[in-house]
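S.K.: Following the hints, position chains F and X against chain V.
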Amino acid sequence: MNRPGLATACVAMLRRDLTLAWRRRGDIAMPVLYALIVTMLFPFALGPEDTLLQRIAGGVVLVTVLLAMLLALDAMFSSDIEDGSLEQLVLAPQPLALMLGMKILAHWLTTALPLIVIAPLLAAMLHLPGAVIPVLLLALLLATPLLSLLGAVLVALTAGTRRSGMLLALMLLPLCVPAMIFAAGAVAAAQQGLPWLAPIAWLGAAVVLAVVLAPLACAAALRIALDA
Amino acid sequence: MSSWIPLWLHKLGSPPTFYRFAGTLRPWAMLLALLLGAVALYGGLVLAPADYQQGDAYRIIFIHVPSAEMSMFIYAVMGVAAFIALVWRIKLAEVVAMESAPIGAAFTFITLITGSLWGKPMWGTWWTWDARLTSELVLLFLFLGVIGLYHAFEDRRQGARAAAFLAIIGIINVPIVHFSVNWWNTLHQGSTINIFGKSKMSWDMLWPLLTMMLATKFYYAASLFNRVRTDLLALEGGKDWVRQIAESEARS
Amino acid sequence: MSALQTFFAMGGYAAYVWPAYAVFFIVLIADTIAPGVRRRRVLHELRARLARQSLRQNRNSPAPPSP
Numbered sequence: 001m002n003r004p005g006l007a008t009a010c011v012a013m014l015r016r017d018l019t020l021a022w023r024r025r026g027d028i029a030m031p032v033l034y035a036l037i038v039t040m041l042f043p044f045a046l047g048p049e050d051t052l053l054q055r056i057a058g059g060v061v062l063v064t065v066l067l068a069m070l071l072a073l074d075a076m077f078s079s080d081i082e083d084g085s086l087e088q089l090v091l092a093p094q095p096l097a098l099m100l101g102m103k104i105l106a107h108w109l110t111t112a113l114p115l116i117v118i119a120p121l122l123a124a125m126l127h128l129p130g131a132v133i134p135v136l137l138l139a140l141l142l143a144t145p146l147l148s149l150l151g152a153v154l155v156a157l158t159a160g161t162r163r164s165g166m167l168l169a170l171m172l173l174p175l176c177v178p179a180m181i182f183a184a185g186a187v188a189a190a191q192q193g194l195p196w197l198a199p200i201a202w203l204g205a206a207v208v209l210a211v212v213l214a215p216l217a218c219a220a221a222l223r224i225a226l227d228a
Numbered sequence: 001m002s003s004w005i006p007l008w009l010h011k012l013g014s015p016p017t018f019y020r021f022a023g024t025l026r027p028w029a030m031l032l033a034l035l036l037g038a039v040a041l042y043g044g045l046v047l048a049p050a051d052y053q054q055g056d057a058y059r060i061i062f063i064h065v066p067s068a069e070m071s072m073f074i075y076a077v078m079g080v081a082a083f084i085a086l087v088w089r090i091k092l093a094e095v096v097a098m099e100s101a102p103i104g105a106a107f108t109f110i111t112l113i114t115g116s117l118w119g120k121p122m123w124g125t126w127w128t129w130d131a132r133l134t135s136e137l138v139l140l141f142l143f144l145g146v147i148g149l150y151h152a153f154e155d156r157r158q159g160a161r162a163a164a165f166l167a168i169i170g171i172i173n174v175p176i177v178h179f180s181v182n183w184w185n186t187l188h189q190g191s192t193i194n195i196f197g198k199s200k201m202s203w204d205m206l207w208p209l210l211t212m213m214l215a216t217k218f219y220y221a222a223s224l225f226n227r228v229r230t231d232l233l234a235l236e237g238g239k240d241w242v243r244q245i246a247e248s249e250a251r252s
Numbered sequence: 001m002s003a004l005q006t007f008f009a010m011g012g013y014a015a016y017v018w019p020a021y022a023v024f025f026i027v028l029i030a031d032t033i034a035p036g037v038r039r040r041r042v043l044h045e046l047r048a049r050l051a052r053q054s055l056r057q058n059r060n061s062p063a064p065p066s067p
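Chains as they are written, first to last, in the working numbering: chain V, 1 to 228; chain F, 1 to 252; chain X, 1 to 67.
No lab work stands behind these hints, which were simulated from the structure alone. Every residue gets a Cβ at the ideal spot worked out from N, C-alpha and C, and that includes glycine. Accuracy of the hints is not assured; some may be wrong.
[As the list claims (entries may be wrong)] Cβ-to-Cβ under 7 Å is the rule here; a few derived chain X residues that face chain F:
# : residue
1 : Y16
2 : P19
3 : A20
4 : I26
5 : I29
6 : L43
[What the hints assert, rightly or not] Only part of the chain X face toward chain F is listed, based on derived beta-carbon distances under 8 Å:
#  : residue
7  : L4
8  : F7
9  : M10
10 : G11
11 : G12
12 : Y13
13 : F24
14 : V27
15 : L28
16 : D31
17 : R38
18 : R39
19 : V42
20 : L46
21 : R47
22 : L50
Here chain V stands alone, though its shape is the one from the complex (with noise of 0.2 Å):
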């Protein structure tokens, strides 16, 4: 028998599902576009004064990316829960969360990757001081992977459920607070010119603790909740 090697069916995996998300690339925008509005409120609510939105911008755009990010998060398995697809990759021959893993990197690309990218331009609109900009991003870089492990896990916890948008955010947010913490710590410590690298650090840390453990604890959690 001539069975696909691993680095084979990684590879097929990503290419199906970035191929999925271009086909759609409407939901792509969707999370951007959610993230500009929200940005765009909060001088309309707290006033245009400079200052304060300058002290409050690196938590903002942190907040406004998590939130964005949970919004697409409820779709990360929902199509090939539908289409039976998710089934076949659990009977399928290879790690199940191997391939889980892949399809978290996946969404990574397509939702985080655009958020990421237009973080600076949100970032100005708060009028963040231009050599924060490099921290923030830093910081989004290694807090927003950590998110999408996370939520892959809990994602796959709620996949037997009907859908439920409220319930993965009540748990996800404490799930994700050390992750906000430091993040949001390094940004307000390079605004405050103190060194930065320790929080970075421990982000660090803890995406590679995650990338380690999570896809096993998403293809646990699979198995659960497929298990009828």
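M.R.: Same frame as chain V, now just chains F and X:
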């Protein structure tokens, strides 16, 4: 399963046996909880002297600290039961884990409310983003998440297994949250109010507190038995032993 | 002021101490009552289901042994 586990423990895992066992123990646990609670309240509210710094406001401690302790204790019980439920697929463990969650949420809620009622006269604010307060709030959301996930499934047992998985993720998460919130609080130069700090409590104040902690443990046992019994009836609706209970209660 | 009044005044902190105790007891009493209510509902539904089953079995008797 392994042979070192005594037979009666296996028997206790079967729903009808546990139903009877819990039914026998529940009144005694409740009685002990009420007795100890009454003694603790008398000791705490009447006998214990007023604190030299806080006056009588400190008397909230006799319910605040036991509730806070219970919220964490119940989460630990839930986590252990969830682990057992996932590894050995014991139905009773699932029920214990899922019925612990509402009690834990109730104690966490009490802790937050009494804490803020205590904080208002002492710190001058209802809420501060102190590490312990924030961790407790996160704990409440963890409990609510477990309850929510459990009820989101059509199939009860599948919901219990998914929620048990979430409970275990939460157990890993709680120390991380506490650590990160501690770190965040020192960064923000937040209010680091530590009322009791290193100061030792006098025995007059300590014994009602310890008695109350014991009382809440017994209360938890009684409430858990009550809830598990009800849930077993709902889960095992088609079985003979439940039918007999339903018929005998209709006659009485 | 009588001893009882001083007790209820709680050294001026009555507005904080008593609501705290009230919350404690109300939440725990609700937690104790809730399973009882649910238990009654569960048993009621079960009896209704059993009554329907026996009715159906009597109608098309001889009743086949239910699985």
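S.K.: Going by Cβ atoms only, is P19/X closer than 7 Å to chain F?
M.R.: 6 Å, holds
S.K.: Go through the hint on R47/X and say holds or violated, using the shortest Cβ distance to chain F against 8 Å.
M.R.: 5 Å, holds
S.K.: Going by Cβ atoms only, is R38/X closer than 8 Å to chain F?
M.R.: 5 Å, holds
S.K.: Measuring from the C-beta of L28/X to each C-beta in chain F, is the shortest one below 8 Å?
M.R.: 7 Å, holds
S.K.: Regarding the hint that R39/X lies at the interface with chain F, is the smallest CB-CB distance below 8 Å?
M.R.: It holds, given that the least Cβ distance between R39/X and chain F is near 4 Å, below 8 Å.
S.K.: Taking the least C-beta to C-beta distance, is G12/X closer than 8 Å to chain F?
M.R.: 7 Å, holds
S.K.: Hint check: is the beta carbon of F24/X less than 8 Å from a beta carbon of chain F?
M.R.: 4 Å, holds
S.K.: Hold the hint about Y13/X up to the distance rule: shortest CB distance to chain F must be less than 8 Å.
M.R.: 4 Å, holds
S.K.: If you take the shortest Cβ to Cβ gap from L50/X to chain F, is it below 8 Å?
M.R.: Nearest chain F Cβ about 6 Å off; hint holds.
S.K.: How about I26/X: closest beta carbon in chain F under 7 Å, or not?
M.R.: 9 Å, violated
S.K.: Holds or violated: is there a CB of chain F closer than 8 Å to the CB of V42/X?
M.R.: Since chain F brings a Cβ to about 5 Å from V42/X, closer than 8 Å, the hint holds.
S.K.: Do the numbers back the hint for G11/X, that is, is its least Cβ distance to chain F under 8 Å?
M.R.: 4 Å, holds
Violated hints, in rising order: 4, 5, 7; the structure is consistent with all others.
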